[in-house]
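Chemist: The primary structure of each chain is shown beneath.
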Amino acid sequence: MYGQELGATQRDGIEAGTEELEAAFQARIDNNERIEPKDWMPEHYRKTLIRMMGQHAHSEIVGQLPEGNWITRAPTLERKQILLAKVQDEAGHGLYLYSAAETLGVTRDDLTEQLLSGKMKYSSIFNYPTLNWADIGAVGWLVDGAAIMNQVPLQRTSYGPYSRAMIRICKEESFHQRQGFDIMRKMANGTPEQREMAQDALNRFWYPSLMMFGPSDKESVHSDQSMKWRIKINTNDELRQKFVDQTVPQAEFLGLSVPDDKLAWNEEKGGYDFSEPDWNEFFQVIKGNGPCNEERIEARRKAWDDGAWFRDALTAHAEKQAQRRGEGVLQAAE
Amino acid sequence: MSKDWPLWEIFIRGQHGLNHRHVGSLHAPDAEMAMNHARDVYTRRKEGVSIWVVKSVDITASSPSEKGPLFDPAESKTYRHPTFYDIPDEVGHM
Ligand SMILES: [Fe+2]
Ligand SMILES: [Fe+2]
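From first to last, the protein sequence lines stand for chains A and B.
All residue numbers for the first sequence refer to the numbering used here, where the first residue is 1 and numbers rise by one.
All residue numbers for the second sequence refer to the numbering used here, where the first residue is 1 and numbers rise by one.
Incorrect hints may appear among the rest.
[To be verified] Here are the simulated DSSO-like pairs of lysine-lysine, each with C-alpha atoms no more than 27 Å apart in a straight line:
hint, chain 1, residue 1, chain 2, residue 2
1, B, Lys3, A, Lys47
2, B, Lys67, A, Lys80
3, A, Lys119, A, Lys186
4, A, Lys47, B, Lys67
5, B, Lys46, A, Lys171
6, B, Lys55, A, Lys228
7, A, Lys320, B, Lys46
8, A, Lys119, B, Lys3
No wet-lab data here; the hints were simulated from the structure.
Everything numeric in this text was worked out from a predicted model, so none of it was measured.
With the rest of the complex left out, here is chain A:
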């Protein structure tokens, strides 16, 4: 979902003689087995996974920017420590996912270049600005909340390295949502101005959060194959529904109102009816026309370019040390 299931390639032509392999491959997946890096896999499976994991990794990394924006201005030292720890976790999540993608034969530098050139996407949500401290609460509560909704089922995905990365990420993720909710709670119970800020943050982040699950199932073209391969577990609409059902009572608890007149409990389906986000806006943001697209990529490019001398210097230092040791063996044991 951080990949938002966009830009899939068409199904590759079946190479001669691979039909049997594909059948055996599908049987393993149906049998709940994990596919590991050295196992045979259809080329299209590999490519789809690289796209998914790459977009997911980019989202973790770019996602640090809107929150990083408020680290130096956190209202207390404790909030600052918490936000720092949270943003540091996201860097780790990016690393886990890049590493998992690398097992499929791409390099992290390739993926980074494709992000910077705009060839690969990241979640649309990170193209929205964080205007004030309440937004940091809303991001943790809603954005990390939506991410968790998607990531929990992906722990059972068919590709071993992806599944293991998801398990690790999920362990770290729930603190993210809680710290955000905690900020919202503090503000919702604060001065009238603070409550207004909290409401305003919810107003602005509600629909962009719903967009995180990707387009409606009616328009999501390539769900079928991905679900067969168990690299997608639930449909976009299923997850969106779950998210709304979970989040509305939390908003009520906060005394905040969800910005949707059509929101109503539907006894029959056992869930809320709600308005869809403006899909036109979504596709505009994905195309690069969101409020912060340029700023985000520019920040990533600057970090990459400005860090080049440092990466090179560390490589040069490592090479020099190795030479001095006469190409000595690097020791690792206790």
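Mind docking chain B with the ligands on chain A? Use the hints.
Modeler: The following block gives chain B with the ligands in isolation, referenced to the frame of chain A:
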């Protein structure tokens, strides 16, 4: 960018004297930096008391096609498990 940093595999021993376990991988220019990164990435919540870092290229892995020859022979050797043997109840715990 001139050169990719090599990939390292990270192994961590948890709190209770268990074996080091593979936890993931990362890029670093050398072992010292790999160790620093491993600490930052994989032990932020007291996950371990000891770290090993090993260059990925130094690991030799069995290939999936060898799975049969390597592991199937063990299948028929059930006598290697204690459950293979019937111990009469009167004998008690063994
Ligand atoms: Fe994350
Ligand atoms: Fe998070």
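Chemist: Each hint: holds or not?
Modeler: The hints, checked one at a time:
A threshold of 27 Å between alpha carbons decides the hint, and for lysine 3/B with lysine 47/A the separation of about 24 Å falls inside it, so the pair holds. The straight-line distance between the Cα atoms of lysine 67/B and lysine 80/A is roughly 51 Å, outside the 27 Å bound, and the hint therefore fails. Distance check on the hinted pair: lysine 119/A and lysine 186/A sit about 41 Å apart at the alpha-carbon level, beyond 27 Å; violated. Distance check on the hinted pair: lysine 47/A and lysine 67/B sit about 25 Å apart at the alpha-carbon level, within 27 Å; holds.
At roughly 13 Å between alpha-carbon atoms, lysine 46/B and lysine 171/A fall within 27 Å of each other, so this suggested pair holds. Of the supplied pair hints, the one linking lysine 55/B and lysine 228/A is violated, its CA atoms being roughly 35 Å apart against a limit of 27 Å. For the proposed pair lysine 320/A and lysine 46/B, the alpha carbon gap of about 34 Å is over 27 Å, so the pair is violated. Restraint check for lysine 119/A and lysine 3/B: satisfied, since their Cα atoms lie roughly 22 Å apart, inside the 27 Å limit.
Hint check: violations occur at hints 2, 3, 6, 7; the rest are consistent with the structure.
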